[in-house]
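*Asks:* First to last, the sequence lines map onto chains L and F. Residue numbers for the first sequence follow the numbering used here, beginning at 10 and rising by one. Residue numbers for the second sequence follow the numbering used here, beginning at 10 and rising by one.
It should be emphasised that the hints constitute simulated quantities derived from the structure, not laboratory data. Remember, it's a predicted structure, so these values are computed and weren't measured experimentally. Cβ coordinates follow ideal geometry from the N, Cα and C atoms, glycine included. Among these hints, one or two may not hold up.
Said to hold, decoys possible - Restricting the straight-line Cα-Cα distance to at most 20 Å, the calculated cross-link-like pairs of lysine-lysine (PhoX-like) are:
{"#": "1", "chain 1": "L", "residue 1": "Lys-88", "chain 2": "L", "residue 2": "Lys-103"}
{"#": "2", "chain 1": "F", "residue 1": "Lys-422", "chain 2": "L", "residue 2": "Lys-306"}
{"#": "3", "chain 1": "F", "residue 1": "Lys-376", "chain 2": "L", "residue 2": "Lys-60"}
{"#": "4", "chain 1": "F", "residue 1": "Lys-88", "chain 2": "L", "residue 2": "Lys-502"}
{"#": "5", "chain 1": "F", "residue 1": "Lys-157", "chain 2": "L", "residue 2": "Lys-121"}
{"#": "6", "chain 1": "L", "residue 1": "Lys-40", "chain 2": "F", "residue 2": "Lys-103"}
{"#": "7", "chain 1": "F", "residue 1": "Lys-502", "chain 2": "F", "residue 2": "Lys-429"}
{"#": "8", "chain 1": "L", "residue 1": "Lys-422", "chain 2": "F", "residue 2": "Lys-157"}
{"#": "9", "chain 1": "L", "residue 1": "Lys-146", "chain 2": "F", "residue 2": "Lys-71"}
As the list claims (entries may be wrong) - Each pair of labels, with its calculated beta carbon distance range:
{"#": "10", "chain 1": "L", "residue 1": "Glu-471", "chain 2": "F", "residue 2": "Gly-316", "range": "19 to 25 Å"}
{"#": "11", "chain 1": "L", "residue 1": "Gly-281", "chain 2": "F", "residue 2": "Asn-81", "range": "45 to 51 Å"}
{"#": "12", "chain 1": "F", "residue 1": "Asn-453", "chain 2": "L", "residue 2": "Asp-231", "range": "40 to 46 Å"}
{"#": "13", "chain 1": "F", "residue 1": "Glu-459", "chain 2": "L", "residue 2": "Lys-78", "range": "33 to 39 Å"}
{"#": "14", "chain 1": "F", "residue 1": "Glu-459", "chain 2": "L", "residue 2": "Lys-502", "range": "36 to 42 Å"}
{"#": "15", "chain 1": "F", "residue 1": "Asn-149", "chain 2": "L", "residue 2": "Lys-502", "range": "27 to 33 Å"}
{"#": "16", "chain 1": "F", "residue 1": "Lys-25", "chain 2": "L", "residue 2": "Met-372", "range": "24 to 30 Å"}
{"#": "17", "chain 1": "F", "residue 1": "Asp-113", "chain 2": "L", "residue 2": "Asp-122", "range": "29 to 35 Å"}
Said to hold, decoys possible - Computed far set for chain L versus chain F, every beta-carbon distance over 12 Å:
{"#": "18", "residue": "Asp-209"}
{"#": "19", "residue": "Phe-210"}
{"#": "20", "residue": "Asp-245"}
{"#": "21", "residue": "Gln-275"}
{"#": "22", "residue": "His-277"}
{"#": "23", "residue": "Arg-299"}
{"#": "24", "residue": "Gly-388"}
{"#": "25", "residue": "Glu-404"}
{"#": "26", "residue": "Gly-477"}
Listed here are the chains, written in short residue letters.
Protein chains: 2
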Amino acid sequence: MAEAVRQQAEVVRRLKQEKAGPEEIAEQVAKLLEMKAAICPEEGKQKFVLKTPKGARDYNPKQMAIREKVFNIIVSCFKRHGAETIDTPVFELKETLTGKYGEDSKLIYDLKDQGGELLSLRYDLTVPFARYLAMNKISNIKRYHIAKVYRRDNPAMTRGRYREFYQCDFDIAGQYDPMIPDAECLKIVHEILSALQLGDFLIKVNDRRILDGLFAVCGVPDSKFRTICSTVDKLDKITWEDVKSEMVGEKGLSPEVADRIGEYVQLHGGLGLIEELLQDPKLSQNKLAREGLGDMKLLFEYLVLFGISAQISFDLSLARGLDYYTGVIYEAVLLQPQNDHTEESVGVGSVAGGGRYDGLVGMFDPKGRKVPCVGVSIGIERIFSIMEQKAEASEEKVRTTETQVLVASAQKKLLDERLKLVSELWDSGIKAEMLYKKNPKLLNQLQYCEETGIPLVAILGEQELKDGVVKLRDVTTREEVDICRGNLMEEIKRRTCLS
Amino acid sequence: MAEAVRQQAEVVRRLKQEKAGPEEIAEQVAKLLEMKAAICPEEGKQKFVLKTPKGARDYNPKQMAIREKVFNIIVSCFKRHGAETIDTPVFELKETLTGKYGEDSKLIYDLKDQGGELLSLRYDLTVPFARYLAMNKISNIKRYHIAKVYRRDNPAMTRGRYREFYQCDFDIAGQYDPMIPDAECLKIVHEILSALQLGDFLIKVNDRRILDGLFAVCGVPDSKFRTICSTVDKLDKITWEDVKSEMVGEKGLSPEVADRIGEYVQLHGGLGLIEELLQDPKLSQNKLAREGLGDMKLLFEYLVLFGISAQISFDLSLARGLDYYTGVIYEAVLLQPQNDHTEESVGVGSVAGGGRYDGLVGMFDPKGRKVPCVGVSIGIERIFSIMEQKAEASEEKVRTTETQVLVASAQKKLLDERLKLVSELWDSGIKAEMLYKKNPKLLNQLQYCEETGIPLVAILGEQELKDGVVKLRDVTTREEVDICRGNLMEEIKRRTCLS
Chain L
10 MAEAVRQQAE
20 VVRRLKQEKA
30 GPEEIAEQVA
40 KLLEMKAAIC
50 PEEGKQKFVL
60 KTPKGARDYN
70 PKQMAIREKV
80 FNIIVSCFKR
90 HGAETIDTPV
100 FELKETLTGK
110 YGEDSKLIYD
120 LKDQGGELLS
130 LRYDLTVPFA
140 RYLAMNKISN
150 IKRYHIAKVY
160 RRDNPAMTRG
170 RYREFYQCDF
180 DIAGQYDPMI
190 PDAECLKIVH
200 EILSALQLGD
210 FLIKVNDRRI
220 LDGLFAVCGV
230 PDSKFRTICS
240 TVDKLDKITW
250 EDVKSEMVGE
260 KGLSPEVADR
270 IGEYVQLHGG
280 LGLIEELLQD
290 PKLSQNKLAR
300 EGLGDMKLLF
310 EYLVLFGISA
320 QISFDLSLAR
330 GLDYYTGVIY
340 EAVLLQPQND
350 HTEESVGVGS
360 VAGGGRYDGL
370 VGMFDPKGRK
380 VPCVGVSIGI
390 ERIFSIMEQK
400 AEASEEKVRT
410 TETQVLVASA
420 QKKLLDERLK
430 LVSELWDSGI
440 KAEMLYKKNP
450 KLLNQLQYCE
460 ETGIPLVAIL
470 GEQELKDGVV
480 KLRDVTTREE
490 VDICRGNLME
500 EIKRRTCLS
Chain F
10 MAEAVRQQAE
20 VVRRLKQEKA
30 GPEEIAEQVA
40 KLLEMKAAIC
50 PEEGKQKFVL
60 KTPKGARDYN
70 PKQMAIREKV
80 FNIIVSCFKR
90 HGAETIDTPV
100 FELKETLTGK
110 YGEDSKLIYD
120 LKDQGGELLS
130 LRYDLTVPFA
140 RYLAMNKISN
150 IKRYHIAKVY
160 RRDNPAMTRG
170 RYREFYQCDF
180 DIAGQYDPMI
190 PDAECLKIVH
200 EILSALQLGD
210 FLIKVNDRRI
220 LDGLFAVCGV
230 PDSKFRTICS
240 TVDKLDKITW
250 EDVKSEMVGE
260 KGLSPEVADR
270 IGEYVQLHGG
280 LGLIEELLQD
290 PKLSQNKLAR
300 EGLGDMKLLF
310 EYLVLFGISA
320 QISFDLSLAR
330 GLDYYTGVIY
340 EAVLLQPQND
350 HTEESVGVGS
360 VAGGGRYDGL
370 VGMFDPKGRK
380 VPCVGVSIGI
390 ERIFSIMEQK
400 AEASEEKVRT
410 TETQVLVASA
420 QKKLLDERLK
430 LVSELWDSGI
440 KAEMLYKKNP
450 KLLNQLQYCE
460 ETGIPLVAIL
470 GEQELKDGVV
480 KLRDVTTREE
490 VDICRGNLME
500 EIKRRTCLS
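Isolated chain L, as found in the complex:
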């Protein structure tokens, strides 16, 4: 046992040396302490393990500044499209989530039964949205919802995946003319990814009805549609040969059927491909496929009008995991790795996805009344990770406060005067700070500005007080000007507006 402890201590030492993530280190330290506690319970007991739960993380002020920037871009896009917002509780009745996520249900966090209702933490924002619509008998809404969701997964946290993570959803519910709201969802993804400046991206589009039609004409038995769907979905990660061998080996398709599927699902293109498939002698015989292709054509026409068709690819290999999609589905991927230096970079991957789900609200409605929905979810955690890496790489200082001016004093015994001035500044809406010291040194006050990025210092001294002025110092240029006290607010506003 002592040897095991020694080895574990070595693991911790190495991780620290390699500057591993604090989460990973904390976990290994916890393990070490546990082992020590087993040998010597007294010692172990005193050590309180200071960590966040597995798969969860704190956001420090720098990370919050990045998060706020990203949210602002996303929310302003949602608002530009006239969306309202709602919020739902972090937990739902357990039965609300039951039967919505298939196999993934095992990843749901349940609350302990402490008497009363059985509750679970929400797994996504879509099911609570559907519950909300059914409960309030709402048949038309365009809403966004940004909130944390919970999955007992074993995620690779270096890739920006967690057990507690944000979702950023935009959905349009209502009975409308075909593909108009669907096209708007794609326009929104396009606007957000462009505004975030994450580099080139591609939005893949497909339709569940086309996939189902395609499976049918290729000779896949109805009962295997779903499982074959999930095999097809792997085509962006593994080769067609591997996909085929899974279809034949694991899923029991004949090689001929698999080959027929292969001819279709390796296709991708635009309006041209849609036209081609509409003429396809086999596919055009299938009603579902015909409907899906017809709508896909309409969608592309709208995307052309929106001026975004160059970044959209009709891709027959796109299948998406969730069961509840009933029509168009899409997924946005970044085209370049964001960080070439490390292998474990956040890398290329899906940063948004969604589709049409016309049946989900009906599952909640007592009368089975359906509300057609289409929506998109922005993969915000991955975007945070990319932005954080970028911020670190650029070495550009991220400000974590918005303070415009520090109220400082050049001599001792001016605390009262500083308190009076800072209070005046606050009351006129200026973002101001002062050091919480009776007699701080001027140098320390100036250093504080340099460290935190405060651009201006309002310096009080006995002479300035006598003259009714304040010495306004520009932290970067070190220029100082005496400003008449009555003009101070205006001058600060003018200067910090320009900078």
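Model the placement of chain F on the given structure of chain L, informed by the hints.
*Replies:* Structure of chain F alone, referenced to chain L:
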């Protein structure tokens, strides 16, 4: 049993008639369905109970609009004071919360043990903050944190109290000169309550050291300080006679000791009272009381400089519930009922509270290293309730979107033109919508604007397209002007900036 069901059905019928809260009705309906299910399991099974968990609620778009307004006011105040923000997970290791809340620990929500760590939902934001400081060895920070916390309470939801509710915390951690950060916390409460326009308010201030000193000189045994503290805290709800009888009857003080306490705790005032007590022959003999009074004097001097002392009352009856306070404590109350019409109004009550807690971070630090902290929590749920009641009472329409213009068509077959125009508007940053119909009627489009408060309509017709113009209609005045297509964005921006 059938009779019980009949009675329960009657309860539901009455609640509906009385227009009770949807939460309350849903709960009684759930009970009814449960009873029905017990009689006839088949029938019960089909009925899925559509509700949010007890004590939790959805926010609809109108409530979200109010929430956003309130948050904006609060966050802009925090930022004006140079605060950073952090975020922590919704759950913590169970042991992180253990031993921090005394008796209230029974109200903590635990997660089910699904293998792995034992977790609990956070009970407040202060303990996670202290854990964060200790874990990251931070000894100086001024941060705010707005997030939901969880308490398995049985709250009166009509009074704006829930099991899932927001806290809005601002704290200053660090070793500073006395009472400067403490005074800033009070300034912040004053700024926020003023900006929210909730009517007159009063901020009561006291100090745990003054209370402890007072108990000592009155002859309360050390072991009873805390329990007597909580009895004193009831003085804002019940009379001195009732408080005294609790002290004597339940807590076992002698009537003489209680009377001596009574002489002090019924006092409230300002600088004058502080000076008086500093001269008090008994109290001035106690070291703790002397320290507390000295600091209180300093605090009031700073509050005078901040210009807010008129709304601050040094109140010896203020004790506050939480154990971890070590110095100054405060609580803000609204002075007028917000709604005189209903008895169950949101009513007068505490809307902010806080104090100094110099020992909490040390409880987490492996070396017991202390980080002095002082902070304030804004009682945001109560404020939401007041604002919601106000909004309802005023009958002023709360807009839930910010859409500036609806793109409409006067004739059929103009979908493509509408899509093109709305896309152009989005791309130039204008908040725009269109109806998701191929050929909507103009009347329906105008009605949509009236319902949702969209101020402008950009109308396309064949003539307008030919002339290269758009008809811009003011929804309120019904005035229409032809605007050259190239000037449209500018004109919309100009008009919606003014309105």
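*Asks:* Among all the numbered hints in the text so far, which are the ones the structure does not match?
*Replies:* Violated hints (numbers, rising): 1, 8 and 17; every other hint is consistent with the structure.
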